[in-house]
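Trainee: Sequence:
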Amino acid sequence: MIGPGMNFDVVAQLQSAISGLLPEMGAFLLLAAIINRNDLVGVVRRLLPAGFHVNVFSFLLDALLIAPLLAVGMVLMQHSIAWTWTGAMGAMWAEFPKWLLLLVVLFVGDAIGYFRHRLEHCRWLWLFHEMHHSDRRMTWFSLYRFHPINRLTTVFIDMGALLLFGFPLWVIFMNALIRHYYGLFIHANVPWTYGALGRLFVSPAMHRWHHVRNGEGVGNNFATVFSVFDQWFGTWYVPFPCDAPLGVAGAGHDSFLHQIFSPFARLFRLRRPSAVGSDAVP
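The numbering of the sequence shown is the numbering used here, which starts it at 633 and goes up by one.
These aren't lab readings, by the way, just hints derived from the structure by calculation.
Keep in mind the model is a prediction, meaning the values are calculated, not measured.
Take the hints with a grain of salt, since some may be wrong.
Derived CB-CB ranges, DEER-like [unchecked claim]: (1) Gly851 to Ala808: 35 to 43 Å; (2) Leu801 to Leu653: 18 to 26 Å; (3) Cys754 to Asp875: 23 to 31 Å; (4) Asp886 to Gly658: 24 to 32 Å; (5) Ala682 to Ala808: 28 to 36 Å; (6) Ile667 to Leu801: 33 to 41 Å; (7) His812 to Leu902: 12 to 20 Å; (8) Gln710 to Ala743: 29 to 37 Å; (9) Ala828 to Phe788: 30 to 38 Å.
In this text, a Cβ means the ideal position worked out from N, Cα and C, and glycines have one as well.
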């Protein structure tokens with residue numbers, strides 16, 4: 633029980649989360665087996681890389697705590713925005729064919745996500761976003777490695793902005809679903825650049841450069857779906873498939889508790905006038 637008239641079944645919530653995860657796991661295991669068909673033993677060995685447990689705990693925390701909070705928050709946010717000028721905007725969007733409206737929201741949503749992602753690389757928000765970058769063996773499952781604060785701000789900024797534009801809920805959630813599954817794909821350990829299509833869409837290689845530990849890729853490639861935003865704003869970097877070391881130096885990448893609690897301690901240090909630049913932002 634989490635409030636009057638609100639029941640929260642932990643077991644059911646966990647079962648639902650795991651049932652959604654299993655098809656994703658199966659799809660990416662199949663993809664890995666196809667790409668590395670001459671090294672299936674290596675595929676099996678790489679199933680549990682160092683730091684994998686951090687992703688597991690992040691997934692469980694998100695399923696049991698963050699997802700229910702987001703569901704309640706989205707309802708409250710929708711009701712708080714409903715009385716504003718968005719009603720007229722909603723009437724305008726209702727005239728659009730559904731397929732066209734979905735394309736519009738995908739594009740607008742990725743523009744919002746691009747600038748929100750750039751903001752996450754600023755000094756204060758980086759403290760919480762760093763956890764996502766700490767995975768040195770990035771796979772599709774790395775998409776679930778987010779600090780709870782980062783997860784909350786991401787959803788509320790992205791979906792809140794779309795609600796302010798007056799887009800209907802069905803297309804906002806379709807956008808979130810597509811971005812989620814495409815996000816899984818671009819985090820996968822595949823070397824694809826898409827060739828000429830990489831000038832339109834974010835490829836796994838492009839996003840991998842975003843996660844490099846040092847070098848030219850740092851501070852680039854912020855979009856999730858459309859690479860045009862990085863090209864327009866000077867942050868596009870895909871010279872070739874990325875095999876550079878990933879992660880963040882000194883982020884305690886193998887400790888879940890360290891990554892959950894250390895941002896708050898570092899935030900306290902940053903607020904002190906004598907704080908020095910020990911929390912570098914890529």
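Trainee: Could you run down the list of hints and mark each one as holding or not?
Mentor: Now the hints, each set against the structure:
The hint said 35 to 43 Å for the Cβ distance between glycine 851 and alanine 808, and at roughly 26 Å that hint is violated. Between leucine 801 and leucine 653 the CB atoms are about 24 Å apart, so this pair conforms to the stated range of 18 to 26 Å. Checking the proposed 23 to 31 Å range against cysteine 754 and aspartate 875 shows it holds: the Cβ atoms sit about 29 Å from each other. A beta carbon spacing of about 27 Å between aspartate 886 and glycine 658 agrees with the range 24 to 32 Å that was offered as a hint.
Distance hint check: the CB atoms of alanine 682 and alanine 808 are about 31 Å apart, consistent with the given range 28 to 36 Å. In this structure the hint that isoleucine 667 and leucine 801 lie 33 to 41 Å apart at CB holds, the actual value being about 37 Å. At about 31 Å, the CB distance of histidine 812 to leucine 902 disagrees with the hint of 12 to 20 Å. Roughly 21 Å separates the CB atoms of glutamine 710 and alanine 743, a value that falls outside the hinted 29 to 37 Å.
Checked against the given bound of 30 to 38 Å, the beta carbons of alanine 828 and phenylalanine 788, roughly 36 Å apart, stay inside it.
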